[in-house]
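Single-letter residue listing:
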Amino acid sequence: MEQPLHIGLEHRAAVARFPTPRWRLPHLAFGRWLLAWPVPLAVLALWWLAARHEWIAPQVLPSPEAVALTLAESARSGELWANLQVSLLRVLGGFGVGLAGGLLLGVVMGLSPTVKDYLYPTFKAFSQVPVLGWLPLLMLLVGIDEALKIILISKAALVPIALNTYKGIQGVPTRYIEVGRVLRFSRWQMLSRVVFPAALAPIWNGVRYGLTHAWLALVVVELLASSEGLGYMIVFGRQLFQLDVVLAAVVVVGAVGYLLDKLLALVEQRLLGWRKEGL
Amino acid sequence: MARTFIPRPLRGWVLPAALLAAWWLATRWGWTTSPLLVPPEKVWATAVEQVTSGKLAAALGASLRRDLIGFAIGSSAGLLFGALLGASRLADRLLGPSFHTLKQISLFAWIPLLSVWFGLGDAAKVAFLSLAAFFPVVLNTYEGIRSVPADLLEVARVLRFTRWQTWRHLILPSASPSIFAGVHLALIYAWLATLGAEYLLVSGQGIGNTMIDGREHFWMDLVLFGVIVVGLVGFALNWIASRIEARALAWRGRSVAQF
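Protein chains in written order, with my numbering: chain A, 61 to 339; chain B, -6 to 252.
For the record, the hints were derived by calculation from the structure and aren't laboratory data.
By construction, the Cβ of each residue, glycine as well, lies at the ideal position given by its N, Cα and C atoms.
Treat the hints loosely; a few may be bogus.
[Stated by the list, open to error] Estimated spans, in silico, between C-beta atoms of each pair:
1) B:Pro32 x A:Gln329: 51 to 59 Å
2) A:Pro100 x B:Leu61: 30 to 38 Å
3) A:Gln299 x B:Glu42: 34 to 42 Å
4) B:Gly47 x A:Ala185: 24 to 32 Å
5) A:Leu106 x B:Trp37: 55 to 63 Å
6) A:Tyr236 x B:Ser46: 55 to 63 Å
7) A:Gly156 x B:Gly114: 36 to 44 Å
8) B:Leu83 x A:Gln329: 23 to 31 Å
9) A:Glu139 x B:Leu61: 38 to 46 Å
10) B:Val7 x A:Pro100: 50 to 58 Å
11) A:Phe256 x B:Pro142: 28 to 36 Å
12) A:Gln299 x B:Ala84: 38 to 46 Å
13) B:Ala84 x A:Ser287: 37 to 45 Å
So that you can see chain A by itself, here it is in the shape it has in the complex:
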């Protein structure tokens, strides 16, 4: 096997060449903020020019103004909010079910080796089939109503949450458990004082993945089988060849994904803040 760090004679030859000039950037927060803008602005300018001079047909690439106008218009008419609300309710419902199921499954498998022996192989086999693999089957079984969406979204959230919870609990160092034994903790104290705090970081990671996957699943389900929601806005715009509607909906999908992620990061700080202080 290869050595990670191989220092041979031939490297001595490199001595003379070494001090590479590296240029330093201003260490200002403002400079950093400023540097984020040239690329998006250049892309926007190029897009604007392309639309303005009709290098590309507007059916294929609508102008940025058209997209902004469509976004403003659908926000004003309430269409956007109605669709957004439908999507958010669906994702919250599905994520809630997936969270509860995933935590339960993960905790049970993590705590009891016997339960794990019975459940884990089946769980693993079911989770090998990606969310989209279940879609045609579920469409036949439960139709294309709300139930389909909730089931698929909760499946998307459940798998990473269950897996991370299980591995998190498994990964609690035995030394911690021994300390708990020495202190004669009851079963409940052991769980609430030792196991869960120690496993919280991986569990929380699972929850974050779960929400990301739930949002991803929501968009797919709405693209494939829905008559309302953000995904439907995209399909609808696509069918009418109104790419301004498509792009406006895509922007909203991105923004909501971003906000959900930020929200979880905020909760994480509260939830796991004590760990950083300790280190």
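With chain A held as given, fit chain B onto it using these hints.
Frame of chain A, contents of chain B only:
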């Protein structure tokens, strides 16, 4: 807890066997008249028919070919871009924020746009697959390179490594677990995206198209067969990736996390 008589290695089979038995009994005794609950034998017959007629090979071949092409393009582009962001502070500050914003857009939301730009054929599908593989590789490569310990870089300075030597001997080996994790993730995402692309850009051949076909004709046996094949392929891809990962990282002397 009561001691059970079932030996440990067999315990994993209890639940699947029970489910299979329930399924078989339900169809056998006619607990339901739904045409959707097909007996297990029928699924088996469909499976045999699909395999022997070569239909499965054709569909799976088309899907896997697209999957691998898209994965190869997306992950190599992702490696380069991730390395650029990780290595150059300037590139990170110029391109990083745009990248992190784009990454928030749910993957499948791109499909309608791609279908307008690239049509409904293989080009759009491969473009979408590349996109699916691109994001996880960039993120993990970037994070891997960023988390190379400062001590190691100082070693490089002490040893007067050239820039190339630093990369070859320090940065890449040190970032490799994270990079492999990203590539592994990309492989899983690409497979998910392959199905999505086949559902949403309905043209051509593939295992996803087979399943859609089954659904439209209410052929439950075909759909179930598809679900099983999709699961097996996912499992196989995952297994191969784990093996390669374990091999490539064996010099580190410990196994890495499995997905």
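To see whether the hints hold, each was checked on the structure:
1. Checked against the hint of 51 to 59 Å, the pair Pro32 (chain B) and Gln329 (chain A) passes, with Cβ atoms roughly 54 Å apart.
2. A hinted range of 30 to 38 Å for the beta carbons of Pro100 (chain A) and Leu61 (chain B) is consistent with their spacing of about 33 Å.
3. Taking 34 to 42 Å as the suggested C-beta distance range, the pair Gln299 (chain A) and Glu42 (chain B) conforms, at roughly 36 Å.
4. The supplied range of 24 to 32 Å is met by Gly47 (chain B) and Ala185 (chain A), whose beta-carbon atoms lie about 27 Å from each other.
5. In this structure, Leu106 (chain A) and Trp37 (chain B) meet the distance hint of 55 to 63 Å, their C-beta atoms being roughly 57 Å apart.
6. At about 58 Å, the beta-carbon gap between Tyr236 (chain A) and Ser46 (chain B) stays in the expected band of 55 to 63 Å.
7. A C-beta distance of roughly 40 Å is found between Gly156 (chain A) and Gly114 (chain B), which places it inside the suggested range of 36 to 44 Å.
8. Between Leu83 (chain B) and Gln329 (chain A) the CB atoms are about 30 Å apart, so this pair conforms to the stated range of 23 to 31 Å.
9. Here the CB-CB span from Glu139 (chain A) to Leu61 (chain B) is close to 41 Å, well matched to the stated 38 to 46 Å.
10. Look at Val7 (chain B) against Pro100 (chain A): about 56 Å separates their beta carbons, and that is inside 50 to 58 Å.
11. A hinted range of 28 to 36 Å for the beta carbons of Phe256 (chain A) and Pro142 (chain B) is consistent with their spacing of about 31 Å.
12. Range check, Gln299 (chain A) to Ala84 (chain B): about 39 Å between beta-carbon atoms, so the 38 to 46 Å window is met.
13. With their beta carbons about 44 Å apart, Ala84 (chain B) and Ser287 (chain A) fall inside the hinted range of 37 to 45 Å.
Checked against the numbered hints given earlier, the structure satisfies every one of them.
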